[in-house]
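Undergrad: All chains, full assembly: derive it from the sequences and hints.
Residue strings, one per chain:
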Amino acid sequence: MAKTGKARHRRRKRRTPVGAAPGTLIADPAASATNLCLTLIAPDKRRSIRNAKIADIAASRGDWPVIWIDCSGLADVATIGEIGRMFGLHPLAVEDVVNSDQRPKAEFFDDHAFVALRMVDDAALQRYEQISVFFGEKFVITFQEREGDPFDPVRRRLAAEGPNRLRARQADYLAYALIDAVVDSYFAPIELISDEIEKIEEDMLGGAQKGLMQEMHVLRREITVLKGVLWPLRDALAALIRNDDPFVTRETKVFLNDTLDHAMRLIELVETQRDTLTGLIEMHLSLTQARTNEVISLLTIVSTIFIPLTFLVGVWGMNFDPDFSPWNMPELRAYYGYPAALLFMLGIAFALFWFFRWKKWL
Amino acid sequence: MAKTGKARHRRRKRRTPVGAAPGTLIADPAASATNLCLTLIAPDKRRSIRNAKIADIAASRGDWPVIWIDCSGLADVATIGEIGRMFGLHPLAVEDVVNSDQRPKAEFFDDHAFVALRMVDDAALQRYEQISVFFGEKFVITFQEREGDPFDPVRRRLAAEGPNRLRARQADYLAYALIDAVVDSYFAPIELISDEIEKIEEDMLGGAQKGLMQEMHVLRREITVLKGVLWPLRDALAALIRNDDPFVTRETKVFLNDTLDHAMRLIELVETQRDTLTGLIEMHLSLTQARTNEVISLLTIVSTIFIPLTFLVGVWGMNFDPDFSPWNMPELRAYYGYPAALLFMLGIAFALFWFFRWKKWL
Amino acid sequence: MAKTGKARHRRRKRRTPVGAAPGTLIADPAASATNLCLTLIAPDKRRSIRNAKIADIAASRGDWPVIWIDCSGLADVATIGEIGRMFGLHPLAVEDVVNSDQRPKAEFFDDHAFVALRMVDDAALQRYEQISVFFGEKFVITFQEREGDPFDPVRRRLAAEGPNRLRARQADYLAYALIDAVVDSYFAPIELISDEIEKIEEDMLGGAQKGLMQEMHVLRREITVLKGVLWPLRDALAALIRNDDPFVTRETKVFLNDTLDHAMRLIELVETQRDTLTGLIEMHLSLTQARTNEVISLLTIVSTIFIPLTFLVGVWGMNFDPDFSPWNMPELRAYYGYPAALLFMLGIAFALFWFFRWKKWL
Amino acid sequence: MAKTGKARHRRRKRRTPVGAAPGTLIADPAASATNLCLTLIAPDKRRSIRNAKIADIAASRGDWPVIWIDCSGLADVATIGEIGRMFGLHPLAVEDVVNSDQRPKAEFFDDHAFVALRMVDDAALQRYEQISVFFGEKFVITFQEREGDPFDPVRRRLAAEGPNRLRARQADYLAYALIDAVVDSYFAPIELISDEIEKIEEDMLGGAQKGLMQEMHVLRREITVLKGVLWPLRDALAALIRNDDPFVTRETKVFLNDTLDHAMRLIELVETQRDTLTGLIEMHLSLTQARTNEVISLLTIVSTIFIPLTFLVGVWGMNFDPDFSPWNMPELRAYYGYPAALLFMLGIAFALFWFFRWKKWL
Amino acid sequence: MAKTGKARHRRRKRRTPVGAAPGTLIADPAASATNLCLTLIAPDKRRSIRNAKIADIAASRGDWPVIWIDCSGLADVATIGEIGRMFGLHPLAVEDVVNSDQRPKAEFFDDHAFVALRMVDDAALQRYEQISVFFGEKFVITFQEREGDPFDPVRRRLAAEGPNRLRARQADYLAYALIDAVVDSYFAPIELISDEIEKIEEDMLGGAQKGLMQEMHVLRREITVLKGVLWPLRDALAALIRNDDPFVTRETKVFLNDTLDHAMRLIELVETQRDTLTGLIEMHLSLTQARTNEVISLLTIVSTIFIPLTFLVGVWGMNFDPDFSPWNMPELRAYYGYPAALLFMLGIAFALFWFFRWKKWL
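Going down the list, the sequences are from chains S, E, R, G and U. Counting in this note's numbering, the first sequence runs from 19 upward without gaps. Counting in this note's numbering, the second sequence runs from 19 upward without gaps. Counting in this note's numbering, the third sequence runs from 19 upward without gaps. Counting in this note's numbering, the fourth sequence runs from 19 upward without gaps. Counting in this note's numbering, the fifth sequence runs from 19 upward without gaps.
These aren't lab readings, by the way, just hints derived from the structure by calculation. A hint or two may mislead.
Remember, identical chains collapse to one label, so a pair may be satisfied in a single copy or spanning two.
[Unchecked claim] Computed list of lysine-lysine pairs in DSSO-like fashion (alpha-carbon distance at most 27 angstroms, straight line):
#1 LYS245 with LYS377
#2 LYS71 with LYS156
#3 LYS228 with LYS71
#4 LYS228 with LYS377
#5 LYS156 with LYS378
#6 LYS377 with LYS63
#7 LYS156 with LYS63
#8 LYS123 with LYS245
#9 LYS217 with LYS377
#10 LYS63 with LYS245
#11 LYS228 with LYS63
#12 LYS378 with LYS123
In this text the structure is predicted, and so the values were computed from the model without any measurement.
TA: See the structure below:
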């Protein structure tokens with residue numbers, strides 16, 4: 019799936035310089051340009067402002083029951099800091115948004131919660147992207163590293179006509195819907211891995227061997243990374259559910275429980291994949307060994323049959339001079355010596371052949 | 019046991035489209051036709067209505083102490099939704115019925131509980147089927163993906179003449195009986211796996227090698243899947259017992275404890291099978307290696323004895339011209355040269371033979 | 019230790035037919051004949067009635083402070099059910115007595131406790147037997163599958179003259195003494211396994227290889243089964259100690275703690291055996307590989323020395339006609355050609371010999 | 019990374035002589051010379067005294083809100099003991115400073131806390147150094163084994179102009195900043211290890227084999243040591259956060275939580291590295307085996323083709339005398355005997371070639 | 019380190035006959051002769067009585083704040099029982115003293131505590147010895163199996179002149195000092211094992227192979243035993259610290275915490291050793307395989323080069339009669355036939371040589 023080079027790139031994520039004052043926002047030079055999308059939500063209506071400015075937020079903030087700010091691209095740290103101050107977000111949490119190499123986690127502050135998630139950006143490339151979700155009583159703010167997110171179904175449901183649970187409920191339900199979308203986005207790449215494992219399994223049972231070990235190694239590394247992301251994701255969801263702060267309603271927690279269940283299912287799928295892969299690696303070793311065995315058996319059979327015969331043949335090829343002494347190679351002048359020698363050798367070959375049959379090596 | 023192709027089919031279960039509004043019921047195109055079976059239960063009588071309609075339920079609901087609706091086939095989501103609304107089942111739980119790829123779990127709502135179980139549909143095919151059980155004060159509702167369930171003993175006990183604990187007690191006892199039947203249905207396939215492991219063990223100790231690794235791989239995958247189902251099953255049962263809601267009576271919990279015990283026993287059986295299988299795989303590797311060793315030893319012995327002899331024979335086959343110089347191959351004209359050479363070679367062969375004996379390679 | 023066939027027999031234990039009403043007693047056709055032994059205990063006296071009848075129990079029940087009913091053989095389910103009803107034992111627990119394939123466990127009911135234990139029936143056969151112990155305020159009832167139990171020391175202590183703690187205390191102390199005897203009965207088979215492991219270790223270090231892997235496999239399976247029995251046994255003991263019901267006195271718990279300690283020691287012994295066995299299996303693989311290595315090295319050395327020499331010898335055995343052209347095999351007629359050729363070949367052999375020495379293959 | 023010799027040196031750390039009275043300070047003969055650096059901190063100003071004396075501490079202690087004593091080099095146990103008495107540090111904790119082989123831990127006394135940390139002294143040498151941090155209401159005292167620490171960023175932030183959180187807050191915040199700097203100092207060596215693992219991975223996939231196993235073994239040992247340090251480090255941080263004593267303010271705990279998060283991230287990185295390394299070792303074994311397989315296949319093919327041919331050639335090289343009997347090697351004088359023999363041998367070679375093709379060994 | 023024979027001896031420790039009445043003291047026939055050493059301790063003075071009698075204890079018991087009875091050798095069970103009765107020690111605990119095969123544990127009775135410890139008796143022999151420590155308000159009683167203990171530093175500190183914490187404090191502090199000495203006595207053998215592991219590592223990297231596997235197996239068994247002792251030791255210490263009984267003062271618990279820390283450090287050392295050893299075993303397997311690979315490669319190269327050449331040489335050694343037909347071996351009489359044949363064979367050899375170079379097998 020992933021190229022080794024990509025994986026390496028991922029690991030080089032910038033962190034705040036070691037020892038810098040906590041809360042300092044320093045943009046990653048490789049960060050995408052920042053782009054705000056403002057969605058104003060009321061039970062009966064909805065307005066969406068693309069390429070919104072800070073001023074737009076300030077203007078519309080008080081008038082709508084719920085406001086969703088979706089900020090993609092983390093290059094403009096000034097704007098991000100401004101949003102943080104406007105909604106009273108904790109500086110450490112805002113720093114975690116910019117230093118996009120956080121473990122998935124949920125943190126609770128006086129009047130808002132912060133959830134850091136990771137998303138598989140693109141199944142074919144296995145690049146992970148951090149999705150940061152803040153939500154309080156009347157707002158949800160999401161930060162993503164790049165354009166392209168799994169939120170489109172949520173947007174469609176927000177835009178849908180008619181009465182709508184997503185618009186009618188509070189900010190925490192919207193936050194749940196977004197988190198749920200991120201969790202569900204893992205199903206696609208995990209199924210891709212399942213397909214690849216199955217393909218390897220079929221190839222292996224079909225007799226192929228070349229390169230399978232390398233493919234399995236890459237898959238195993240991908241699974242290890244997935245597991246490392248999904249476990250803290252699960253913990254973050256569990257923390258959201260356990261939390262007692264009032265801005266996660268009991269009703270939303272029922273839904274979050276469902277998301278937690280999906281996360282557990284994902285973890286179980288990944289664990290099963292890991293087990294299957296370990297089994298395949300063992301089977302691969304065993305099949306390789308079995309093949310070595312088969313090859314060596316052939317070598318042994320052929321050698322064991324022909325080496326003694328060649329010796330015999332060599333004996334009769336020696337130049338001892340039969341004219342010189344009657345003891346010297348009298349068989350060379352026996353009348354039926356040659357056919358008798360051939361028959362004798364044939365007999366030896368057959369005896370060895372039956373010996374191998376009896377040993378079940380043939 | 020299972021074909022690889024079947025296993026793949028199982029993994030392709032449909033989920034609600036990623037990001038759809040939670041609670042949306044969308045039928046799986048491959049789902050079986052829905053068929054309701056209504057059983058009305060009172061301590062002293064019992065009535066069963068096959069191919070019941072929604073109206074039948076509404077009509078008889080109030081008159082009987084306990085009502086059991088068994089719905090097999092999940093194609094008709096309208097009916098399923100209707101039942102859900104009629105009994106006030108939680109929409110998320112009803113959605114879990116239709117998206118039949120849930121982990122076994124127990125969930126508690128205000129006036130009813132929801133238990134998702136998995137069942138081995140058919141031991142020979144290893145297809146899993148989801149059994150969803152709802153129960154409240156006066157009703158039990160079960161959903162199954164296909165016809166064919168392990169509930170027949172429960173039906174017989176319900177239909178039995180004379181006073182009857184199953185009819186006399188409340189809905190939670192009936193629910194327990196159904197759950198217990200599902201848990202017990204695992205014993206048959208697990209014993210089948212035990213038989214297969216034993217057969218492999220006997221084959222292996224009997225000297226067979228071909229294909230054993232593949233068979234063991236398939237068994238190991240089946241065991242992994244079973245383990246992945248049984249652990250959450252155990253957790254669901256434990257949650258039922260721990261739960262404080264009044265619709266699981268203390269008396270029923272004693273029985274559920276027994277079921278939990280069965281589940282623990284199943285898990286232990288599966289864990290033991292897994293350990294045994296791991297041991298067999300190791301033994302298989304060891305036996306393969308021992309056989310390679312044996313083959314190579316034979317090759318070494320034969321080669322080591324005959325290669326030097328063939329060299330000697332070749333020496334006396336060289337065409338150096340003894341007429342030209344007395345130094346050239348004088349032995350070819352020695353009176354006892356030929357028998358002496360043969361004896362010399364025989365001596366070498368015996369010496370090597372004893373060397374191998376001493377090394378314990380023969 | 020155990021034959022494979024026996025192990026299989028053990029696994030075929032009958033269970034109550036899947037789905038039968040819980041509490042139904044159905045005798046295992048292979049069960050031994052039931053035999054009651056009644057022991058009436060008072061601080062200063064003791065009476066034992068062999069082959070007691072139900073009526074004997076009823077007659078003497080009220081007169082003695084403690085009564086111990088030991089029932090061996092589970093064929094007569096009517097008698098067992100009768101005893102259960104007489105002492106008010108829970109039907110599910112009584113069912114567990116008859117379906118003698120329970121996990122070790124402790125369960126507490128209103129006025130009595132139920133402890134299911136497993137016992138190694140006979141170290142040489144590794145057949146497990148279930149020991150069920152019920153005890154209440156004034157009675158202890160034990161059920162065993164077959165004659166032959168580890169209770170003889172308890173019987174002797176009961177029969178001993180003089181003041182006697184075992185007779186003076188309550189039923190719970192007698193129950194403790196019986197449970198303790200069962201736990202201690204594991205020491206003998208575990209030491210037997212230790213002896214076998216040590217024998218294998220000595221054989222392996224002594225150079226033996228044949229059949230060791232199979233022996234180790236059988237031992238590992240026995241250890242797996244032991245572990246699977248001892249862990250729930252430990253849990254059952256811990257549950258007895260943790261329990262708050264009044265019929266386990268604080269004083270007896272101190273003694274049960276000692277038994278728990280023995281169980282922990284047994285588990286540690288088994289875990290150590292398992293580790294040692296795993297280490298031996300690895301060492302066996304390593305030694306096999308080392309031996310393969312040695313064999314192949316010999317083959318390589320002999321082949322590498324003689325194959326080039328045989329080639330040379332073959333060169334001088336070619337029939338190119340030196341009479342036809344001075345370029346054709348002039349060395350055949352060189353005056354010192356033959357001894358020079360021999361010396362040349364000897365030189366090559368020595369050079370290769372030193373090369374192998376330098377490579378440390380010789 | 020590390021030399022084996024260095025690793026050994028590390029393990030030989032001196033402990034207080036076994037059985038000595040606890041609290042005895044005995045200098046390690048190899049300890050560096052002690053050097054005090056005193057930093058006096060107030061919200062609006064800051065003074066730093068290098069090579070401070072005990073008297074300097076006593077003189078300025080009362081006048082400043084926070085005082086930081088940084089003591090590098092542990093040779094002068096008299097001074098260390100004097101500082102301990104001056105601030106009322108617990109004797110056991112002071113002993114732990116001097117016996118610098120402690121596990122990372124946090125301990126709480128009446129009016130101060132003690133945190134023992136370990137630091138990777140120098141990534142290239144993998145020498146660990148103990149950093150001991152004491153802090154109370156108005157002081158922070160750090161002890162380090164050698165000059166050279168990760169505190170420079172903290173010093174710069176303390177010296178920075180303008181209002182400053184680090185100067186404005188209490189001693190616990192300064193302690194947090196120092197601990198955070200130590201935790202962050204692990205990122206550099208862990209990235210170094212990641213680089214080495216990646217290099218090994220590339221080498222392995224590129225076909226190199228020599229020495230990789232040894233390199234992986236050294237890396238694995240380094241990772242084992244890192245894991246052994248990071249886990250108790252995490253526990254120490256968690257203990258600091260859980261602690262209820264008043265000298266860790268709730269505000270600082272939020273920041274410590276962030277440090278804990280970094281520690282968790284470090285542990286996850288190390289665990290992932292460990293998994294990757296295990297995978298690489300397995301792949302290495304598999305590739306070695308695959309190569310052996312390839313080599314043996316070649317040997318088998320060449321031998322199997324040529325050994326029978328050489329036998330045939332030997333047959334026609336036998337010296338049976340065709341003049342003596344018409345049965346003796348009549349083919350030697352057949353008109354097309356020689357080319358027919360060559361063609362026959364060519365045919366055999368081709369047949370075997372196709373056999374190997376069919377077996378997929380070519 | 020240890021001989022196999024010694025290890026076996028250790029395992030044969032006698033236990034109270036299975037089923038004997040708990041609390042029965044039965045001397046191990048192999049137990050050493052009992053020898054009492056009485057130490058009377060007051061803050062300002064101290065008296066020691068070697069070879070004390072029971073009467074001495076009774077005489078001096080009331081007069082001194084703390085009394086330490088050190089009993090070495092467990093043959094005289096009458097004396098041991100007498101001491102037990104004199105200080106009101108629990109019979110089960112006293113039985114555990116005599117049956118010296120206990121797991122390390124701490125138990126608490128009404129007015130005294132019992133700590134069972136294990137000690138490495140002699141690093142070179144790896145014989146374990148049980149140290150039993152009882153302590154109450156005014157007494158400490160230690161039992162050891164044989165003369166020779168790690169208590170000498172404690173004795174010296176008791177005998178030291180001047181004010182002395184060990185004499186000034188209560189019995190629990192003395193008990194702590196003794197327990198601490200036992201725990202610290204593990205550092206020496208663990209460092210010995212570290213040295214041996216390092217030696218094996220150096221040998222392995224230096225190319226040695228013979229016998230390493232056996233050495234590693236013995237070390238691994240020793241480590242397994244150590245781990246099995248240290249974990250319950252840690253638990254016993256934790257139990258002492260957690261305990262609420264008044265005879266362990268809060269002040270002593272701070273010191274016990276330090277001992278617990280040492281125990282944790284020991285466990286970490288042993289776990290690291292275990293990991294390192296596992297790594298070494300894997301590396302050993304890998305190196306053995308690599309060597310096999312190397313040997314087989316040489317065999318393959320030599321065989322593959324010379325077997326075809328020997329075939330060619332054999333072709334020209336056939337006795338087809340060129341006089342009979344011009345088709346028969348015309349090359350034998352070609353003018354440059356012989357040198358051309360040699361060159362041709364040289365060409366084949368070089369081509370194969372380059373092929374192996376290209377394959378990187380040379």
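Undergrad: Quick check: which numbered hints come out false for this structure?
TA: 1, 3, 5, 6, 10, 11 and 12
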